[in-house]
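Q: Sequence:
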Amino acid sequence: MQNSLTLKPVKYVSGELNIPGSKSISNRALLLSAVSCGRTILKNLLYSDDVKYMLDALLALGVKVFINKNSSECIVDGISRPLFSSKKTTLFLGNAGTAMRPLLGILSLSKNKIILTGEDRMQERPINHLVDALRQGGACISYLQKNDYPPVYIKGGFRGGKIFINGSISSQFLSSLLMTAPLAQVDTEIIVEGDLVSKPYIDLTLNIMKKFGVIVKVIDDYKSFYIQCQQKYISPKEYFIESDLSSATYFLAAAAIRGGCVKINGIQKNSIQGDLDFINILQNMGASIEWKKNSLICTKKKLMGISIDCNHIPDAAMTIAMLGLFAQQLVYIKNIYNWRVKETDRLHAMTTELRKIGAKVQEGADFIIVYPVKRFLHATINTYNDHRIAMCFSLIALSEVSVTLLNPSCVNKTFPSFFQTFKSICHDSII
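Residue numbers (my numbering): 346 to 776.
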């Protein structure tokens, strides 16, 4: 894809579409399939950059993986034990947090000589809370360049036991521990310090673990967790990966802003993804939502403002911020400090780029306030190599001006076909 992409103004939005599989579910299911007993057929696997990094890592560690890109199906032969390498190995994981964090945990179980590294931005994303927790359980992990950040060198040794972990930065740290602990030598008690962010992602992790035969005891409303040692993950034979609700938010928002109706297939009311709550929020803001058996229809009505704590849905919160541009009142999103440690500092990035298109924005340490725009301006948007910045600012085309996105191929991280899918519901425009 070219270095920039200009989206022309869109007059009307309507259509029906399918969304690729969830990144968060895809990488968790791949990892548990790899260490489980038996063969697992993963259906509707997302095939994006972040998932490729996980696949490449598993292949490098000797796991047999067979991929059919055309059908989004993947077959994984489980090795019935923790992952390890008999020789010194370096795994490059790009900027994929859903690969780096879980692999760090699982690879800490066996005697290893493995380096986990990634892109420059990954080396700016702190990982010390997870490393500290794994060290409490006996793991030997060292930093190779800068303390608290990748790259890291893993020698193994994690046995389990009583572990304290800071839950205020990323739920992926706790998810990594949860997936690792059943394979440890002794029972593990995990005690969460601070306020746990993104709780729905912990529920997602626990749900997938249960599908692979492991149940975690949750104590005192997520304050602590108890995991029995020396368990086996058992393949469920087949596992269907839900369509990615984070990716669906952009198209639902498009319908609420400029629809028409947009129908999205492959979404159910009982989804295990936390971003399901975005649909309730969208409805509270004034959009019309109609559920079908295996799909959802969003229709434009009046779009009102909202004040909301989005700690539990940080990715979808970015889309809510974009809705503030088109709403009748301001949108105030709070308790989103962890935006700052994502693919980029998203609070700073969103504020900077929104101001370019004529928006009034207030940025705080852990909040953002977006006011309705009276007159949109054409702007060239720096996407910061962040897929969600690119997808969010595509919605500017729903105003009366065009928008130019730099490095649009960054969407390959989670949604390689995003712009083609976006074009499919846009009418009277040229992309």
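None of these hints come from the bench; they were simulated from the model.
Some clues are possibly wrong.
Unchecked claim - In silico DSSO-like pairs for lysine-lysine, Cα to Cα no more than 30 Å straight-line: (1) LYS719 / LYS637; (2) LYS705 / LYS719; (3) LYS577 / LYS608; (4) LYS414 / LYS705; (5) LYS562 / LYS647; (6) LYS562 / LYS582; (7) LYS491 / LYS556; (8) LYS608 / LYS647; (9) LYS456 / LYS500; (10) LYS614 / LYS555; (11) LYS719 / LYS356; (12) LYS701 / LYS614.
Unchecked claim - Per label pair, the in silico range of CB-to-CB distance: (13) TYR488 / GLN613: 36 to 44 Å; (14) PHE509 / LYS719: 47 to 55 Å; (15) ARG426 / SER349: 31 to 39 Å; (16) LYS568 / SER349: 24 to 32 Å; (17) CYS606 / ARG426: 43 to 51 Å; (18) SER769 / TYR488: 24 to 32 Å.
We put the beta carbon where it would ideally sit given N, CA and C, even for glycine.
Q: Decide, hint by hint, whether the structure agrees.
A: Status of the hints after comparison with the structure:
1. LYS719 / LYS637: 36 Å, violated
2. LYS705 / LYS719: This hinted pair holds, its Cα atoms lying about 10 Å apart.
3. LYS577 / LYS608: 40 Å, violated
4. LYS414 / LYS705: The hint is violated at about 43 Å.
5. LYS562 / LYS647: 44 Å, violated
6. LYS562 / LYS582: Since the Cα atoms of LYS562 and LYS582 sit roughly 24 Å apart, the hinted pair holds (cutoff 30 Å).
7. LYS491 / LYS556: 38 Å, violated
8. LYS608 / LYS647: Since the Cα atoms of LYS608 and LYS647 sit roughly 19 Å apart, the hinted pair holds (cutoff 30 Å).
9. LYS456 / LYS500: With a Cα-Cα distance of about 6 Å, the restraint between LYS456 and LYS500 holds, given a limit of 30 Å.
10. LYS614 / LYS555: This hinted pair holds, its Cα atoms lying about 20 Å apart.
11. LYS719 / LYS356: 18 Å, holds
12. LYS701 / LYS614: Not OK: LYS701 and LYS614 at ~37 Å, beyond 30 Å, violated.
13. TYR488 / GLN613: 36 to 44 Å: 43 Å, holds
14. PHE509 / LYS719: 47 to 55 Å: Holds, at about 50 Å.
15. ARG426 / SER349: 31 to 39 Å: 47 Å, violated
16. LYS568 / SER349: 24 to 32 Å: Between LYS568 and SER349, where Cβ atoms are some 48 Å apart, the hint is violated.
17. CYS606 / ARG426: 43 to 51 Å: The hint (43 to 51 Å, Cβ to Cβ) holds, given that CYS606 and ARG426 are roughly 50 Å apart.
18. SER769 / TYR488: 24 to 32 Å: 45 Å, violated
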